[in-house]
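There are 2 protein chains.
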Amino acid sequence: MARHLLLLVGLLLAVAGAAAASEAERASEEAAQHVLLPRPLVLELPTEERCVGEGGADEDAELRCASWRMAAEANNLAPWTAVPEDCAPHVRRYLTGPAYRSDLDLVAREASAYARAAAADSAAVGATSDSDAWVFDVDETLLSNLPYYAEHGYGLELFDHREFDKWVEKGEAPAIPSSLTLYREVRDLGFKTFLLTGRSEGHEAVTVDNLKREGFHEWDKLILRATADRKKTATAYKSEKRKEIEAEGYKILGNSGDQWSDLLGYSMSARSFKLPNPMYYIP
Amino acid sequence: MARHLLLLVGLLLAVAGAAAASEAERASEEAAQHVLLPRPLVLELPTEERCVGEGGADEDAELRCASWRMAAEANNLAPWTAVPEDCAPHVRRYLTGPAYRSDLDLVAREASAYARAAAADSAAVGATSDSDAWVFDVDETLLSNLPYYAEHGYGLELFDHREFDKWVEKGEAPAIPSSLTLYREVRDLGFKTFLLTGRSEGHEAVTVDNLKREGFHEWDKLILRATADRKKTATAYKSEKRKEIEAEGYKILGNSGDQWSDLLGYSMSARSFKLPNPMYYIP
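Residue numbers (UniProt numbering), protein chains in the order written: chain Y, 1 to 283; chain V, 1 to 283.
It cannot be assumed that every hint is accurate.
SDA-like, lysine to any residue: derived pairs with alpha carbons at most 20 angstroms apart [to be verified]:
id	chain 1	residue 1	chain 2	residue 2
1	V	K231	V	R162
2	Y	K243	V	G265
3	V	K251	V	K232
4	Y	K232	V	A270
5	V	K243	Y	Y266
6	V	K232	Y	A270
7	V	K243	Y	G265
8	V	K243	V	A228
9	V	K241	V	T227
10	Y	K243	V	Y266
Just a few of them, taken from the derived set where beta-carbon distance is under 10 angstroms, the chain Y residues facing chain V [as the list claims (entries may be wrong)]:
id	residue
11	R64
12	N76
13	P98
14	D103
15	L106
16	A111
17	D229
18	A270
19	F273
20	K274
21	P276
Since the hints were derived computationally from the structure, they do not count as laboratory data.
Only a predicted model underlies this, so the values are computations on that prediction, with no experimental measurement involved.
Virtual Cβ for every residue (Gly too), placed ideally from N, Cα, C.
So that you can see chain Y by itself, here it is in the shape it has in the complex:
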């Protein structure tokens, strides 16, 4: 789209230059341009895609940023450290509007339908569901750090460990409602639940308090990042931990996380659920 816009601007400049070159030829130049110039694709934007922006948002940026967000969710982007500056308004609108909630709800409903089917399958083959397990990430999966990110540009600012730690230590991250519903359902179906988080072991107490206050009362294991795991990528650390869970005899049937590094690697779950998160990327 940017290319088309550049093309359009280039064409207009060329026309303007030509017209200025000879004032006398102006009329014929103008008459000719509709015939001579290729029809710029940028003008073919269908009107139904136009959104009423808060203060007239740039439609081109809106389109580009929606593509950026889609590419992030489909794991198509190279590792990124912050939301592209021109996409900050788009990301803010997405997170504070109904779309983020809608996306979260739909993923939770899909996970719930799968959990019920998987539990029924286990029951049908007479397998003890004692070994069926579900892995949940914590941040932006069970708990939301949106109040923190609202104060830090919704991912536009570079991640600040010290500031974020202060927020974590408050223990005030709210539950993501659809995740809480899913979590309770998965527990009720008999799944063992493993909470596998990138938070450090030093934050265990505050994380436990935060989770319980928000309605996550029981789990089978809360796995936090030990000092030895600090330098590993999340993909490596979480894969190792999932392998340990499997080695203990559990079958990981479901895995919910907002990062692809929660879901990919080895010892992958039978099915994974990628919750939306356009604010940050963890490799």
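Following the hints, position chain V against chain Y.
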């Protein structure tokens, strides 16, 4: 959202019933409802998310269908056989408007940046790039079947093998422009290109003709589905073929496909690029 709407409808029915029960109490009922009824969340949709629809599209469906499409792209959905009926208008608008093109362009640009970096890495370590390979799917990746799907509800109709075969046999599928650009760049960088398609071997000649006519002039191997592969899932068939490519000494550094079954399984590429496709799902 549907839940909220149901809640809203339920509340309104309850109110209507109560009001009808006694005509005399009507005024006081109406005065009381603003106090008594919980505030339905559906009313909190921020205005900036409202899109000017072609003939006033249902905003709730728009939100729901955008979530459905996002979930499809993030591989969160259970296998599906057709676009949900109420999402057909959303999918049609997406495909015929600028968003599909924008999404395709962005994925191609990401792939291109990665291809250049990967080629430079190979050159830096003195590795012969003769073994660097890129796998491309064909349908909805290099070639577009949009003209066919435009005549068949853009994924709303159940897939009809016979009708689709007729279309394939015409050999008139246009190139996806951003994929053609990427393809040429990847070739120029020295990657070997493997075209790995679910099309049957019987369609080899017409596929070759179609690809060449659309600008894909050279490749290292075009792999089509043999009779023996017919009953395999695409994930299994394509994984097997990628394994064979690796066994021949190639390193698959990139893989472009519009289906997750083009990308997942084993012998996975170092990096994968999921092109958008809300029209159909292949397991």
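Q: If any of the earlier hints don't hold here, list their numbers in rising order.
A: Violated: hints 3, 17 and 18.
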